[in-house]
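Residue numbers (this note's numbering), protein chains in the order written: chain A, 1 to 432; chain B, 1 to 432.
Do not rely on the hints blindly, as some may be mistaken.
Unchecked claim - Computed beta-carbon distance windows for the label pairs: (1) A/Val-327 x B/Ile-83: 34 to 40 Å; (2) A/Ser-232 x B/Phe-429: 34 to 40 Å; (3) A/Ala-49 x B/Glu-121: 51 to 57 Å; (4) A/Asp-271 x B/Ile-83: 52 to 58 Å; (5) B/Gly-54 x A/Val-327: 24 to 30 Å; (6) A/Glu-190 x B/Ala-368: 56 to 62 Å; (7) B/Ala-178 x A/Leu-380: 39 to 45 Å; (8) B/Glu-114 x A/Glu-51: 48 to 54 Å.
These are computed hints drawn from the structure, not numbers from a lab.
Glycine included, C-beta positions come from ideal geometry on N, C-alpha and C.
2 protein chains.
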Amino acid sequence: MNYDVAIGMLGCGTVGSGVARLLQEKQNLYAQRVQAVPGLARVLVRDLARERPGIPAELLTLDPADVLEDPEIQIVIEVMGGIEPAREYILQALRAGKHVVTANKALIARHGLELFEAAAESGVALHFEAAVAGGIPIIQTLKRSLVANQVDAIYGIINGTTNYILSAMTEAGSDFQAVLREAQAQGFAESDPTDDIEGFDAAYKLAILAGLIFDQRIDMQQIHRVGIQRISAEDIAYARRFGYVIKLLAIARRTEHGMEARVNPTMIPQDHPLASVNGVYNALLVNGDAVGELMFYGRGAGQMPTASSIVGDVLNLVAELDAPPNVLMSSPLPATAAVLSPAERVMNRYYIRLQTHDKPGVLGQIGALLGQEEISIHTLVQTKNNPGEAELVLISHPVSELRLRQAVAQIRQLESVREIDSIIRVEDFRFH
Amino acid sequence: MNYDVAIGMLGCGTVGSGVARLLQEKQNLYAQRVQAVPGLARVLVRDLARERPGIPAELLTLDPADVLEDPEIQIVIEVMGGIEPAREYILQALRAGKHVVTANKALIARHGLELFEAAAESGVALHFEAAVAGGIPIIQTLKRSLVANQVDAIYGIINGTTNYILSAMTEAGSDFQAVLREAQAQGFAESDPTDDIEGFDAAYKLAILAGLIFDQRIDMQQIHRVGIQRISAEDIAYARRFGYVIKLLAIARRTEHGMEARVNPTMIPQDHPLASVNGVYNALLVNGDAVGELMFYGRGAGQMPTASSIVGDVLNLVAELDAPPNVLMSSPLPATAAVLSPAERVMNRYYIRLQTHDKPGVLGQIGALLGQEEISIHTLVQTKNNPGEAELVLISHPVSELRLRQAVAQIRQLESVREIDSIIRVEDFRFH
Chain A
1 MNYDVAIGML GCGTVGSGVA RLLQEKQNLY AQRVQAVPGL ARVLVRDLAR
51 ERPGIPAELL TLDPADVLED PEIQIVIEVM GGIEPAREYI LQALRAGKHV
101 VTANKALIAR HGLELFEAAA ESGVALHFEA AVAGGIPIIQ TLKRSLVANQ
151 VDAIYGIING TTNYILSAMT EAGSDFQAVL REAQAQGFAE SDPTDDIEGF
201 DAAYKLAILA GLIFDQRIDM QQIHRVGIQR ISAEDIAYAR RFGYVIKLLA
251 IARRTEHGME ARVNPTMIPQ DHPLASVNGV YNALLVNGDA VGELMFYGRG
301 AGQMPTASSI VGDVLNLVAE LDAPPNVLMS SPLPATAAVL SPAERVMNRY
351 YIRLQTHDKP GVLGQIGALL GQEEISIHTL VQTKNNPGEA ELVLISHPVS
401 ELRLRQAVAQ IRQLESVREI DSIIRVEDFR FH
Chain B
1 MNYDVAIGML GCGTVGSGVA RLLQEKQNLY AQRVQAVPGL ARVLVRDLAR
51 ERPGIPAELL TLDPADVLED PEIQIVIEVM GGIEPAREYI LQALRAGKHV
101 VTANKALIAR HGLELFEAAA ESGVALHFEA AVAGGIPIIQ TLKRSLVANQ
151 VDAIYGIING TTNYILSAMT EAGSDFQAVL REAQAQGFAE SDPTDDIEGF
201 DAAYKLAILA GLIFDQRIDM QQIHRVGIQR ISAEDIAYAR RFGYVIKLLA
251 IARRTEHGME ARVNPTMIPQ DHPLASVNGV YNALLVNGDA VGELMFYGRG
301 AGQMPTASSI VGDVLNLVAE LDAPPNVLMS SPLPATAAVL SPAERVMNRY
351 YIRLQTHDKP GVLGQIGALL GQEEISIHTL VQTKNNPGEA ELVLISHPVS
401 ELRLRQAVAQ IRQLESVREI DSIIRVEDFR FH
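The task is simple: from the sequences and hints, build the whole structure.
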């Protein structure tokens, strides 16, 4: 393969193969678009024997130095995943004056500071479009296209596995465990699904997004994170009854109490644009103070959508190899992490589902405890499940999480209350 | 006002005032983001006496030379609109080595070749993000973020006036003329609404988009254009009955018959993401061969969304003033226009509504004429409106426009047919 710009790649799994395929099949198109011919020069793999269609065997190597120390290689693509040795290799590449393109959200979220500092010191770029929302070009959009705005809020469906599970639960009325097993069988969920269903994956992506819109460094530990593992078929059915669907939302926004970043299952109105984002699709609702509301929708994962973002980053770099690093695309992060608003102060409406003994006065007791915390009720439904028992479902008016927790703690003490099954945030999408 | 990068502005109407407001109010934020302080140095206006809050009177001038010949001014923003003298001023600015940012879709669509050539000769940039879909960053997305893709199709709702009218007709069941008058009263439609309702505005924007995705120059005359002025409340009611809504779609796509670019009212499935884009919102569905389906949604017009795109272009320029023009952002257009697939060859399903005399055999006659052109019927509804008369509504399977026209011409000749009211394309969103 002939090329003007030599590219090295670390890893060659599903996404890496997609990247190699694009660079090979579209070489002529790309050459015309960036007026230089980019080509893969070396690919670090773990197994030389495995067949890799379209990648000449002589490009493969087991030795990272063949990529990281080759002075010809100007751009390194990291698609091996995981923290180590990816972190170490990327640092080496940056320090050797190579631009780096990565899809590694965990690495950027947890070690971004160190990596961006190394890039700045060497005067090279570290691009990561594919790390958030796969094929949706949200990173470049925030950094470049929306640069005239202060972005006040991002609401994202940015984890395909949980969105697939919640969509399937909503469609079929099935329970979480059944749908999870089915998703695993179909390859939409990992055999160890913790990272997805407990919201870690979404939190990594949110840390990156929140860092960009707040112009601050966001510590993963600061992100309030609730997974979907406790969402039941009953909750989804009640949501529908009240005109909502349940989505795992990643939210970063400026509020009167400060900056907020959290990932949690959220009831959103059925007619909201995010409500119809189903299956493995991702979507991001962005509110900029000049542009207003924007929504971006597309495939958040998968071989070719991810490769589209990675090769997009590569071609953008090739197009400006002779220019100094663009200030909009570099990310000088402050050394100290941002201070986010504590979750307790965040105002939300809440959905609460609880089981009570069917005795006179239960409703009055609960109402009184809510009243003490100045929580007023927007919607209330009481149904009998079994003799002597009743299910109570309510949606509150906006209340701080602190007050809600206090009220719930007291309700839990009531003799007439058997169990509090679910507490789920309800989102109104008020931006200001 | 102090600044490092002097900006001149041609025109200062609604959008221009928004641009001035952003540049002034957010100067500190922008300075931090692009590490240079951009500021308005001179503003060409038609009336010096008019009060312009936030713009110092000494910046205003009646003489274009004060902007175009000031060697200090590095970037010129054109927001005067119209073809002349905007074209002449932009050419002067480009030839004087100034970068230009414009929101002028008609000018780019009709004189893009000349303007981009002038920019290339002077080694400066001509940016036009605001010219298509207002605040939605579609131009930079296509040029930069999706550069790894061949874009196979764009389906756009890119005219707010017609979308407002069709949305209002759909909601209220009202007639076109009534809604148009209301839209005019509320400022959502011009007193002369021709440009919007007959699809010229959408066609200008589509010419720009099609040029980008086909890497070809698109002649406005080649774009097949049908407006919304003949859409009736009856058509909208039937559309709903069959599970569709009617939108004015701008479509550019690669087909087996060649490249296609057209603007026409289209029935789209109610559950399609574009179907719920209502009012003055715009949306673009983009299909890239690597990334798959993407959708972008936001405000397609208005003071601050448009200003967001213009100032975004300006800040992107400021960030790379010292670099050579980026090859991805320049648009070397071929001198000869692209050859688009003739409308006759385009395959579509069609909705046809016609009035007949209620006599035996009418249906058989029509069916026979359709059959001669190998047009098969997907859905058929016959209703009686008045004694002796019947309304016939059908939706066909896919057929070339040529065959459809031939069949319709023959049906029109039938004695039993009183009138053919409507022929509307039905879109299935099959990409390949």
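Here's how the hints hold up against the structure:
The supplied range of 34 to 40 Å is met by A/Val-327 and B/Ile-83, whose beta-carbon atoms lie about 36 Å from each other. Our hint of 34 to 40 Å for A/Ser-232 and B/Phe-429 holds, since their Cβ atoms are close to 35 Å apart. A beta carbon spacing of about 55 Å between A/Ala-49 and B/Glu-121 agrees with the range 51 to 57 Å that was offered as a hint. In this structure the supplied range 52 to 58 Å is violated for A/Asp-271 paired with B/Ile-83, their Cβ-Cβ distance being about 42 Å.
For B/Gly-54 and A/Val-327, the hinted distance range of 24 to 30 Å is satisfied, since their beta carbons lie about 27 Å from each other. Checked against the hint of 56 to 62 Å, the pair A/Glu-190 and B/Ala-368 passes, with Cβ atoms roughly 59 Å apart. Between B/Ala-178 and A/Leu-380 the beta carbon distance is about 43 Å. The supplied range of 39 to 45 Å therefore holds. Distance hint for B/Glu-114 and A/Glu-51: a CB-CB separation of about 53 Å, consistent with the stated range 48 to 54 Å.
In summary, the one numbered hint that this structure violates is 4.
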